[in-house]
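Protein sequence lines correspond, in order, to chains A and B. Residue numbering for the first sequence follows UniProt numbering, starting at 1 and increasing by one per position. Residue numbering for the second sequence follows UniProt numbering, starting at 1 and increasing by one per position.
Where hints are given, some of them may not hold.
Said to hold, decoys possible - Here are some chain A residues pointing at chain B (derived, C-beta under 10 Å):
| hint | residue |
| --- | --- |
| 1 | Arg50 |
| 2 | Thr61 |
| 3 | Gly64 |
| 4 | Pro72 |
| 5 | Glu74 |
| 6 | Leu90 |
| 7 | Leu97 |
Claimed, not checked - From the structure, some residues in chain A lie toward chain B, with a derived Cβ separation under 10 Å:
| hint | residue |
| --- | --- |
| 8 | Asn104 |
| 9 | Ala109 |
| 10 | Pro113 |
Stated by the list, open to error - From chain B, some residues computed to sit far from chain A (all C-beta separations above 12 Å):
| hint | residue |
| --- | --- |
| 11 | Pro33 |
| 12 | Arg42 |
| 13 | Lys46 |
| 14 | Ala86 |
| 15 | Ala160 |
| 16 | Lys216 |
| 17 | Glu296 |
| 18 | Lys476 |
None of these hints come from the bench; they were simulated from the model. Where is the CB? At the ideal position from N, CA and C, for every residue including glycine.
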Amino acid sequence: MLKIEGLTAEVEGKQILKGIDLEVPAGEIHAIMGPNGSGKSTLSYVLSGREGYEITGGSVTFNGIDLLAMEPEERAAAGLFLAFQYPVELPGVGNALFLRTALNAVRKARGEPELDAMQFLKVARDRLKALHISEDMLKRGVNVGFSGGEKKRNEVLQMALLSPKLAILDETDSGLDIDALKIVADGVNALRAPGFSSLVITHYQRLLDYIVPDKVHVLMNGRIVQTGGPELAKQLEESGYASVQAAA
Amino acid sequence: MPAVTETIDTVQSVTEGTYKWGFETDIEMEFAPKGLNEDIVRFISKKKNEPQWLLDWRLKAFAIWKKMEEPVWAAVKYPPIDYQDAYYYAAPVQKVKPKSLDEVDPELLRTYAKLGIPLKEQAILAGVEGAGETPSDAGRMPVAVDAVFDSVSVATTFKARLEKEGIIFCAISEAVQTHPELVRQYLGTVVPQGDNFYAALNSAVFTDGSFVYIPKGVRCPMELSTYFRINAKSTGQFERTLIIAEEGSTVSYLEGCTAPMRDENQLHAAVVELVALDDATIKYSTVQNWYPGDAEGRGGIYNFVTKRAHCRGRRSKVSWTQVETGSAITWKYPSCVLLGDDSVGEFYSVAITNNRQQADTGTKMIHVGKRTTSTIVSKGISAGRGQNTYRGLVRVAPTASSARNFTQCDSLLIGDQCGAHTVPYIENRCMTAKVEHEATTSRIAEDQLFYCRQRGLSEEDAVGLIVNGFCREVLKELPMEFAVEAQKLLQISLEGSVG
Numbered sequence: 001m002l003k004i005e006g007l008t009a010e011v012e013g014k015q016i017l018k019g020i021d022l023e024v025p026a027g028e029i030h031a032i033m034g035p036n037g038s039g040k041s042t043l044s045y046v047l048s049g050r051e052g053y054e055i056t057g058g059s060v061t062f063n064g065i066d067l068l069a070m071e072p073e074e075r076a077a078a079g080l081f082l083a084f085q086y087p088v089e090l091p092g093v094g095n096a097l098f099l100r101t102a103l104n105a106v107r108k109a110r111g112e113p114e115l116d117a118m119q120f121l122k123v124a125r126d127r128l129k130a131l132h133i134s135e136d137m138l139k140r141g142v143n144v145g146f147s148g149g150e151k152k153r154n155e156v157l158q159m160a161l162l163s164p165k166l167a168i169l170d171e172t173d174s175g176l177d178i179d180a181l182k183i184v185a186d187g188v189n190a191l192r193a194p195g196f197s198s199l200v201i202t203h204y205q206r207l208l209d210y211i212v213p214d215k216v217h218v219l220m221n222g223r224i225v226q227t228g229g230p231e232l233a234k235q236l237e238e239s240g241y242a243s244v245q246a247a248a
Numbered sequence: 001m002p003a004v005t006e007t008i009d010t011v012q013s014v015t016e017g018t019y020k021w022g023f024e025t026d027i028e029m030e031f032a033p034k035g036l037n038e039d040i041v042r043f044i045s046k047k048k049n050e051p052q053w054l055l056d057w058r059l060k061a062f063a064i065w066k067k068m069e070e071p072v073w074a075a076v077k078y079p080p081i082d083y084q085d086a087y088y089y090a091a092p093v094q095k096v097k098p099k100s101l102d103e104v105d106p107e108l109l110r111t112y113a114k115l116g117i118p119l120k121e122q123a124i125l126a127g128v129e130g131a132g133e134t135p136s137d138a139g140r141m142p143v144a145v146d147a148v149f150d151s152v153s154v155a156t157t158f159k160a161r162l163e164k165e166g167i168i169f170c171a172i173s174e175a176v177q178t179h180p181e182l183v184r185q186y187l188g189t190v191v192p193q194g195d196n197f198y199a200a201l202n203s204a205v206f207t208d209g210s211f212v213y214i215p216k217g218v219r220c221p222m223e224l225s226t227y228f229r230i231n232a233k234s235t236g237q238f239e240r241t242l243i244i245a246e247e248g249s250t251v252s253y254l255e256g257c258t259a260p261m262r263d264e265n266q267l268h269a270a271v272v273e274l275v276a277l278d279d280a281t282i283k284y285s286t287v288q289n290w291y292p293g294d295a296e297g298r299g300g301i302y303n304f305v306t307k308r309a310h311c312r313g314r315r316s317k318v319s320w321t322q323v324e325t326g327s328a329i330t331w332k333y334p335s336c337v338l339l340g341d342d343s344v345g346e347f348y349s350v351a352i353t354n355n356r357q358q359a360d361t362g363t364k365m366i367h368v369g370k371r372t373t374s375t376i377v378s379k380g381i382s383a384g385r386g387q388n389t390y391r392g393l394v395r396v397a398p399t400a401s402s403a404r405n406f407t408q409c410d411s412l413l414i415g416d417q418c419g420a421h422t423v424p425y426i427e428n429r430c431m432t433a434k435v436e437h438e439a440t441t442s443r444i445a446e447d448q449l450f451y452c453r454q455r456g457l458s459e460e461d462a463v464g465l466i467v468n469g470f471c472r473e474v475l476k477e478l479p480m481e482f483a484v485e486a487q488k489l490l491q492i493s494l495e496g497s498v499g
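Could you put the whole structure together from the sequences, leaning on the hints where they help?
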């Protein structure tokens, strides 16, 4: 599904990623953990194609295609979804309209028929119900005036609607109470399928109680320094990143 | 709301950076000789078979105009205009004046169809007398259209249907013939001949435009609209519109405008006068899409327009909504003089300048009556090398006790070579009045664009969506049919502004 080899990247001339090697096979969920400033968010932005991140070496393929050569919207259409750490407000843009526009853009790129307003509403209602999110969410401006938890729920709703092949969760758990955390986890677990992979980026082990990863990678100072099973997350929780650093 | 998505689809099918209304209609035209003098004024008046009083009125305006100088206070730059190097009258040749739509030159009907303006009364086409009474599309109101092609009105639809309600909707040149007393009573009472340079010019040489009269207590059963088209080369369009809403009446009026793509600049100097009497409401919406010139600023319409409303009656209300996307230069300030006690003035505006476009637009709210209120919401969007100025005046006379005004001016910048300027004047001479002004300037943030693109939207669609969101407060004031059109236009106007 996702194959990263020797990836190096800079932000404003400063090298942040110093050679990442990572492979996420189809159907697997991998967690990336690491302390602040280790390059976690940079990795998620580089994978999704945000401007301002200069790739200086290495390669990334997504189902065999060169991901780094694609525009952000092309990556989205190919099935890459990024749940933002800080979802962005779009004043005056209705959430239902935004979601439908996004869904149709992706459907169109995949050669699927676009949904009209009624068809969309039906699909959206199903997803809302499954995720236990109130329908009011559709009527509001995109993330405008949303609480931190509501913004994250909206990310999960978008993910459920766009049914990506690869979902990257960039510290989606930060600032969430336990209920919101469960909604996020349910959203990811509901998508679990042989053709779905996820990269769960997190600072804490807490989220991984609900989304049990197949593998845990520790990212430090721009490199993956350790890889293990779910037990690695628990170990980190107890002994902290310093122990890994010492070992590395 | 689904309109935006529809917009996005539509726009994707449009070739980038083209003005799709830029075609020319090949039709036999009649011109007055080039240039401007008393003879031309007489020529136009004679062509229109006008009574002596109107000719005298025009000549007086011409005499005033000759002594006036072009205003220079607006934040717009353009080379001097040679007023002698233009045609002041251009009309499609018609052997006899068409009595019905069937007699209108098919080439003209095709032109309007191509512009998306149906000059047909859906059911009437089917040939069933009286079928025009019911809208053919369920739940969809028909829109009566007056089509002005260069200097003349070529067709007006639904006239008979409206006449049953006592509503007069026709070309102003026709109203001069059929209702001279009304025209004489109101013409120039809101915008006098000597009001300003362009209004004086218009008063001397105006050729056509719409006339609307809504009798006492009548709620106009359909949207009235005028579609202005400049077609002929080197021709100025000087239309004059007069709307009178009698006591307790209500009307919603829309205007749209387009022109062919040409390297030369063409002048459009219109005057619009609105009169609202006791408890009357006039809603006036504009979607201005004159040819804006090319990316280098060659060609495009100079849109120098005077629009003003008199809220003469108590509790009268006038609401201006404008979406200004076209024209090389826009100079217009749709205003309300709030004379009647408790009268209400509103101004909702979206102005976009892209490439080399310049817009200096805003409003004047003049509070005279007691407890008069006004609301101004202006959204300026600048892209490319566009320059966008909001210029507004809120004046409260000593008589306007407890008057209130709220003004909100928001500017959005796209790119780093454009400009946004806000010039609000407030003159308050009344202790009990309350005047509020809010202004913001912002950019489309990189994180907003990236967020949209990560969800699959192209950069241009993302800009369109964000801009439509920014303008929402204004767009929701437009009648439904126009809102769709306006949203499409916003997107098209911004093509090529990113990336």
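Hint by hint, where does the structure go against what was stated? Just the numbers, ascending.
Numbers 2, 3, 10 and 18, in rising order.
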